[in-house]
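Read off the chains here:
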Amino acid sequence: MSSQAEPTANVPPEQEPTPDFVVRLGAAQRAGGLVVPVLTAVLAFLAGGIVVAATGHNPWTAYKGIWDGAGFNWLFHIPWDTNTVHLDAFNLSQTLLTMTTLILVGLAVAFPFRCGLFNIGGQGQYLVGLFVANWIGVSFAGWPTLPHVLLGIGAAALAGAVWAGIAGFLKATTGAHEVISTIMLNWIAIWGGQYLFGQGGPLQNTYNPAAPESGTVVQSARIPVFWGNPVLQGLDYGFFVALVALVVFWLILNRTTLGYEVRAVGFNPEAAAYGGINVKTKYIQAMAISGVFAGLAGALDMLGYLFQFGVLDVQASQIGFLGIAVALLGRNTAIGTGIAAFLFGGLLYGTTRGLNPNVFDPSLAGNLTSMIQGLIVLFVGADIFILYIWNARRKLKLRRRAEMAAT
Amino acid sequence: MHATQWAFRPKSIAVLGSVLGLAAFWSAIPPFTARSPLVPILIGVLAIAAGLWAVTRGTRRLGWGAIASGVIGLGLGLLATRSSSANLHVVFAADLIAQVFVFATPLTFGALGGMVSERSGVVNVGLEGMMLMGAFWGVYGADKGGSWVVGILVALAAGGLFALVHAYWSIHLRANQIVSGMAINFLALGVTGYFFEQLYGNKNIPSGVSTVPNVALPGIDHVKYLGAAIGNLNLLIWVGILFVPLSYFVLFKTPIGLRVRACGEHPRAADTVGINVYAVRYAAVLVSGMLAALGGAFLSIGFGGGSFTENMTEGRGFIALAAMIFGNWRPFGAWGAALLFGFSTALAFRLPVYSSSAATLFQTLPYVLTLIAVAGVIGRSVPPKADGQPYAKQ
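Protein chains in written order, with the working numbering: chain W, 1 to 407; chain A, 408 to 801.
So here's chain A without its partners, still in its complex pose (with noise of 0.2 Å):
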């Protein structure tokens, strides 16, 4: 296929389509900060005509979504044009990127291990769960063992156990996997909470422990504006960018990726092949586990600053689940929701200066969304075939 063939794919014309409606709303805001209602006029209409152009070549999804994000972009930016530019100054300072990433990145590793484990094929509700397993245990590592590193590690192993209490059931009892993950979240908050109080009673985790380092980016992190963008992000935000990439490498580009989402599809095809159904299932949940306490471990030793309080994911995990259903259990898909809905998250602590009630119901955006995809207004969400299937071997 040729460059420029490529580049007028229905496809391609709908991802512009779909940048171009947040530029709509980009063109309004700091540091651009066009006065004339005529600019995201003008690009919200050039976004809702390309999605126009994708639907009537039948790439419905995208298209639709560019249609939304023009129509949502030109909204918000005739919004931003009458609002005060000094009001505007403090909603869309440039560290609202920052926080963007701050908010989306439990919910990037949540959702990535979401979709890990159910390619596999076992459907994970626990993953608040094991989130608040790696929240607690990573900040206790660190407390205890002196490091961060060692904070991860304890965070990794907490929620890989949890991780393979929930995959035995799933595998080898052939539980219901929701009552089975629901049984984590509940496990969970209480052992998290239990020790947390029996550690450190009714004190707070002492301050000074150590926590995952910012990376302050040479040359950048002076620039104005990227400077405090992106110049000087946790450690564990990078992390958790690097990990969409190798993730989509490692699902759809290796013979181990294969291997899992043929557990996922067609398990008992996958056994005829010669594929150890349960011990690819088992790996699969293990990292997922793992990759959610990470997420959990980034609220309590990465932005957190080394705190703990009970419950602290606070439905974070089934946000991370709404992020991997919104994103069609694809990486990036997944990581585009989980940067959308960060992005509401941290739009909605910011919207208190024109309106605080207005704000909170913000908050129920990512969910709404969400509904509305598992609803396939726009195209539907569609789970791995066998997601949730308990597999017995012959």
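For reference, chain W alone in the conformation it holds in the complex (with noise of 0.2 Å):
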């Protein structure tokens, strides 16, 4: 290191900041454009299928198999060939149902994202909205579907907002930084949640005290099935809730006062303040905002197919995280979300009940998903990276394209 700076060496100037991320995102979406998230995502693919390879197993077959799990197949059927178009059928309308939670709780971290701040809380915003709709689901049998259902659906995207709203109150009072806050929001409602179903717990079903699950949604409050069986878990009109809330976050954030104002937090937050915004406000709405999408996604998962929950079903549950994953590769866009999610979705159903055992073993996929999941969040951190390699490559392209002209 060269730091044994000689006296007369000039002093240092002040630090600049480094670039926010939020500051980089930007600057990176309109330098990579497209290029970024797809080329993450190939070499996330890759570096899993080198994985599958290195362990013995044939990496194409793997993701075949996924391929049909997800049921993609279906997009390119003939459609008077009906040998295996129920299975792919089935498999697709599973990947949507899955897509539509992470539509909404890739949106929660995508929204605050645009205010500058870290919603890890996805998983326990999610939690709780699917506790509360539970509890509605379960209560005030014999109201009409509409009614009920759009209560359920509300009041879970309140309780979503409160919760996300808690960290966004505390970063704007306090100055508690929201991914601090939001972890330890996370666990509070995993426990809540195991303390509201167990045994003794006050969500807790009445027939069967042994059992530490909570009650079952009543038929009234489920939300009606518009492709499938609903005994199977068909497809539910859940799914175009999550399409319009993507519309909704888009004219949000491009056609309104608070979208201006919440996106000119996100670039930077002094000079907005020193623009007349109330920075503070700004962080408390995008945390409740943030709130409402990832409570939504636990009502209409409640809703929509759960329609039980266990203290097991808590322990397990990941997706509200994958949410995280989902914005960053849809760099906190409505329409990158959207196909973000569409990916994820159909990769989370593609590698755990859709995929044929036969195939490749679903607990190794299963874990091929958190592995990818893991490389896309990481390589979306290294957007310099990415962007370094591929602007390389056109320097390299532009440096003989020079030669041979000068040739």
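Among the clues, some could well be false.
With the Cβ distance kept under 10 Å, some of the chain W side facing chain A (calculated, not the full set) [claimed, not checked]:
#1 176
#2 251
#3 252
Taking beta-carbon pairs under 7 Å as the criterion, some of the chain W residues facing chain A (in silico) [what the hints assert, rightly or not]:
#4 67
#5 179
#6 181
#7 183
#8 184
#9 188
#10 201
#11 274
#12 363
#13 364
#14 370
#15 378
Here are the computed lysine-lysine pairs in the DSBU-like style, where the Cα-Cα straight-line distance is at most 35 Å [claimed, not checked]:
#16 280/W / 64/W
#17 64/W / 551/A
#18 280/W / 800/A
#19 418/A / 792/A
#20 551/A / 397/W
#21 660/A / 551/A
#22 551/A / 610/A
#23 792/A / 660/A
#24 610/A / 418/A
#25 280/W / 792/A
#26 418/A / 64/W
By construction, these hints were calculated from the structure, which means they are not laboratory data. These numbers come from a predicted model, not from an experiment. Idealized CB from N, CA, C, for every residue including glycine.
Quick one: dock chain against chain with the hints and give me the complex.
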């Protein structure tokens, strides 16, 4: 190191604040556009394939099995070929069901990201929404479907907003870092859920005191199914709620004053404050809106197809954390989040229940999903690295072209 | 400063108050089992008084801690005097102490690891993943290498490897350290799960894997109460306890520690006086990953007796992070928090004697306390100044 600086050397200039991740993400977006996310996903799948190959499996069959398991085949079916179309259609409907959740937990991470906040608490907000939806769905038997479902969804969204709002409030009033507080809120929700559904808990079922599970959502609170068999977990109308949420996300961010202010705070909170924006309020609002998305995800899952949840389910649930990967891969935009949620929905379903165990062991494949998820988050974090590779390639091409022109 | 002066500092009185608060509770449970409510009330009030005295003399954080300790000790002590003595003996048997150490040890390693990394300016939310790597590769090494020593070495290497990835991303690529840390967590979950399935199929780790031995303290292991409490603890528990003063000494009393802390507070200044900020941060993150891996190895080949399950750490890395924050980025503070959290977990395992749902709710205590601590209700937890900021050399 050359910092044995002689005394005559210039006084080092005041440390420039290294550009914040959010700012750099914006810059990378302008520079790389689609390139970074696509390259990221390709690299992650490639690395996953290498692990699969290194452990003595055929990566091609594994990925083909996941593709089939996700039901993507259905998209390429000739309508009159009825051989496997039923299974494929079912698998695709399950992928879209997973995508519904992922869109919303992805938006729950993406929205505060645009405000310069990193919401790791999607899992907790999702769970809180799920608990409240279960509570509403189990009670009020005899109501008509529409108000019952709307009440369940509304209450869950509100609960998510409050849960996330705590982190936003703490950030605004005391400066407590939202990453720490959302991690803590996650675990409070996880243990809280085990209390609620556990033996002697307030939301435990009434028919079997030995079973640590919730009651079952009554028929009137279930969201109707539009594709597939309602008894076999068909695709419900919640899917369209998630698609609408994508549009709402875009509208809020790009067509409202709130969205403008949120983005301004995200780019530079000090400049935004100087421009007359109340930064603290924006923090609380951004987190609360994020909580609405996550709480909605919980409600749609509970009223759409889960209907019941147990202590073990609370412990095993990980889907809220996937929102981080979805949002980062989707560059925190509406369209990107939608596409990333589709990709991850297929991956998640295609590596678990959809996967034919004779093709590739689902217990391996499920872990492959975690690995790919980790790699994608890792590579998105290294946006500079990915762009560097891409630009180096382009520079090489330009130089070659220049040489060719010279000769 | 005279010894008497030192003893009557507000800080000392506040610490005394905290201890008294604990004693208020302690008096009502075995082995003392005072049955009169007067005993815990008297000691608890003393603790609160000590805390108030300290607060009025400016020692806010510790003082409020003493007051809280007094109130809680008084309350729990009162409850204990009303509870049946048989139940008390189930919950507060001497091996509760041993269990507190068992639950606190992975947290201690993780919290110390997190502290070393964050003191150098690199946020490490990947502790959970590094711990998980240590847990799986530790038991794998012990199984294939035939000795727990090999297991520990393999665990250190695995945790260190992931730590280096985090370090490279945080330091050279200047990636967002929280994104990188979360990536480490997901990646570790996938890697350990995948290789566990690949290498062991659907079978468990074979029994008879070499495990870290327990240490029987000669002379103590047969003493009543004390023997059951600390007479026969796992070697890694003692190592963890030893690392607390060791890390305090290294971080706060040696030039190396000064350099680490300088990089975490003001890397530019550290750079100008000739400290290689990058090298220090790499080393700190590496040590951090290795410490977390030791905590993980304790789960699999220490107390775990040579076993592994997918996602074995179950969020202990995050509690360790909480312990570090609650302990204000200081070794003894982090250790105290780890013990407190370990105590609350150990107690939660025994409380079902009274009520199983209350026992579950009790598990949220570490997280609620940490939330209160970062919100700064009782004295603020303040991270190192440059924590989480990438440093660009000029």
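Results for each hint:
1. 176: It holds, given that the least Cβ distance between residue 176/W and chain A is near 4 Å, below 10 Å.
2. 251: Result: violated, 27 Å to nearest chain A Cβ.
3. 252: violated (24 Å)
4. 67: Hint on residue 67/W: violated, closest Cβ of chain A at ~19 Å, above 7 Å.
5. 179: holds (5 Å)
6. 181: holds (6 Å)
7. 183: holds (6 Å)
8. 184: Holds, about 4 Å.
9. 188: Residue 188/W check passes; min Cβ-Cβ to chain A is 5 Å, inside 7 Å.
10. 201: Because about 5 Å separates residue 201/W from the closest Cβ in chain A, which is inside the 7 Å limit, the hint holds.
11. 274: violated (22 Å)
12. 363: Residue 363/W check passes; min Cβ-Cβ to chain A is 5 Å, inside 7 Å.
13. 364: holds (5 Å)
14. 370: holds (3 Å)
15. 378: Because about 4 Å separates residue 378/W from the closest Cβ in chain A, which is inside the 7 Å limit, the hint holds.
16. 280/W / 64/W: violated (49 Å)
17. 64/W / 551/A: holds (34 Å)
18. 280/W / 800/A: The hint holds at about 33 Å.
19. 418/A / 792/A: holds (25 Å)
20. 551/A / 397/W: violated (50 Å)
21. 660/A / 551/A: At roughly 40 Å apart (the allowed maximum being 35 Å), residue 551/A and residue 660/A break the hint.
22. 551/A / 610/A: holds (16 Å)
23. 792/A / 660/A: holds (20 Å)
24. 610/A / 418/A: violated (54 Å)
25. 280/W / 792/A: holds (22 Å)
26. 418/A / 64/W: Distance of about 66 Å is beyond 35 Å: violated.
When each numbered hint is compared with the structure, violations occur for hints 2, 3, 4, 11, 16, 20, 21, 24, 26.
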